[in-house]
Amino acid sequence: MYSKKVMESFKHPHNMGEIKNADGIGKIGNPTCGDVMWIFIKIGKNKKGEEIIKDIKVKTFGCVAAIATSSMVTDLAKGKTIKEAKKITRQNIADALEGLPPIKMHCSNLAVDALHKAIEDYEKKNEK
Amino acid sequence: MKVYLDNGATTMVDKKVVDSMLPFYVDKFGNASSLHQFGVEAKEALDNARKIIANKINADPEEIVFTGSGSESDNLAIKGIAYSNKEKNHIITSKIEHPAVLETCKVLEKQGFEVTYLKVDKEGFIDLNELKNSITNKTCLVSIMHANNEIGTIQDLKKIKDICKEKNVYFHTDAVQSFTKVEIDVKKINVDLISFSSHKIHGPKGVGALYVKKGTEIKKLIHGGHQEFDLRAGTENIPGIVGFAEAVRLGNKEHVTSMAKLRDKLINGLLKIKDTQLNGATGNKRLCNNVNIIFRYIEGESLLLKLDMNEIAVSTGSACSSQDLRPSHVLTALGLRADVAHSSIRFTLSRFTTEKEIDYVLKVIPKLVEELRQFSPLK
Chain A
528 MYSKKVMESF KHPHNMGEIK NADGIGKIGN PTCGDVMWIF IKIGKNKKGE EIIKDIKVKT
588 FGCVAAIATS SMVTDLAKGK TIKEAKKITR QNIADALEGL PPIKMHCSNL AVDALHKAIE
648 DYEKKNEK
Chain B
29 MKVYLDNGAT TMVDKKVVDS MLPFYVDKFG NASSLHQFGV EAKEALDNAR KIIANKINAD
89 PEEIVFTGSG SESDNLAIKG IAYSNKEKNH IITSKIEHPA VLETCKVLEK QGFEVTYLKV
149 DKEGFIDLNE LKNSITNKTC LVSIMHANNE IGTIQDLKKI KDICKEKNVY FHTDAVQSFT
209 KVEIDVKKIN VDLISFSSHK IHGPKGVGAL YVKKGTEIKK LIHGGHQEFD LRAGTENIPG
269 IVGFAEAVRL GNKEHVTSMA KLRDKLINGL LKIKDTQLNG ATGNKRLCNN VNIIFRYIEG
329 ESLLLKLDMN EIAVSTGSAC SSQDLRPSHV LTALGLRADV AHSSIRFTLS RFTTEKEIDY
389 VLKVIPKLVE ELRQFSPLK
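Chains as they are written, first to last, in this note's numbering: chain A, 528 to 655; chain B, 29 to 407.
Read the hints as simulated data drawn from the structure, not as lab findings. Think of the CB as a built atom: it goes at the ideal place given N, C-alpha and C, for glycine as much as any other residue. Accuracy of the hints is not assured; some may be wrong.
[What the hints assert, rightly or not] If the Cβ cut is set under 8 Å, some of the chain B residues that face chain A in the computed set are:
#1 E282
#2 M337
#3 H370
Next up, chain A with everything else stripped away, as it sits in the complex (with noise of 0.2 Å):
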């Protein structure tokens, strides 16, 4: 049922837990499947100075296809750019994952969101 690589992804994901003081969270959850995700990010700069998500971390419960998608999200999210990281779409995960049951594309729609919520809440907080 499931890739190589959720199955991998599912066994060691990474970035789970979070961030104190994150300067974005993302807080998303399906009543009907029962998948909740909460993703944290730390925002830095890069050498052009461009804002980009230095640290990314999520909390998840759900399925092996919504931990994977989890897993997934902070590693293509980590070290982007802002501009970058909202470019980031469910179909980019899915394919990182060498695919997922079609039942299950709703978790890499989750994940995007949680993160595309968590930046944001960054941005809203950085308003003036």
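Assemble the complex: chain A is given as a structure, and chain B must be docked to it using the hints.
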């Protein structure tokens, strides 16, 4: 150590069962309807198997109809009664039935039948008063499962039958999970129709049976030859039926006692883990091989696959492992919230389960639960 604790899904076929079946593939391959020696041999085997199963429930051999599965038995019982009672169009069942019953009822609803789905309490028992009050003069059948496949709750068949008898309504029970684990004596409980399956009791897959009490009028579903007292056409699966009977013959009371002991050891051990709870009833109102536990804050499928990586096979009522993403209809009928229902794991033992295996599970599982809880946002 490989530990198979998904015997509610299916069981290993007992080697003795396989041995009993083998002669009927090559040497004694006849069609039980044939008049020559090959046929006679097959017919004898068929009759003998029917007798063994009838004896197990104190029925007459002519009351046992072999089918292709427990699901087929449920279909034959429910549709068979519904279609033969033209003036009555109401069926009563419960919310926690197996899909073979629920989906059959839904099909009948589309055909104009009315179906009442009885609620259950938090342990999974139906309310006998609700049953009594739901029966009308249009009711043709009450179908309530004996033991629930997910949570192992055993209904009181005798009390249900007494109500049905008083109201003159047929009573069918799906005993697929309870067969050989809970005693059934049809002369005592007087149920009209009972569904059985072979592969849940170390018999082969593809064989089921339906007990049809003498005098019960039902319509057949599979048309063709006159096999099985003209209730199920199709050449009988003699090797399968022989194996089913051998599996029934091999089951005994000691197995039940030892399974129940290991069941309770597993339950008690798992409940020592923080934030866990048992679904279903306890003691002899619970199936001797069923353990269903909620591990709060983690999702069933992820724990199932972590266990699988440790060579422990279980199942879950979590929606995420199903094709429709809804949590188990049984667990939600108990009143559990969706996120809690998602956190359930079912362990089902067999008579081959050993204490060593249970010890291994109890040793491995706390660590896996902790790993998953560490990054769960729920608390």
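To see whether the hints hold, each was checked on the structure:
| no. | hint | verdict |
| --- | --- | --- |
| 1 | E282 | 39 Å, violated |
| 2 | M337 | 7 Å, holds |
| 3 | H370 | 4 Å, holds |
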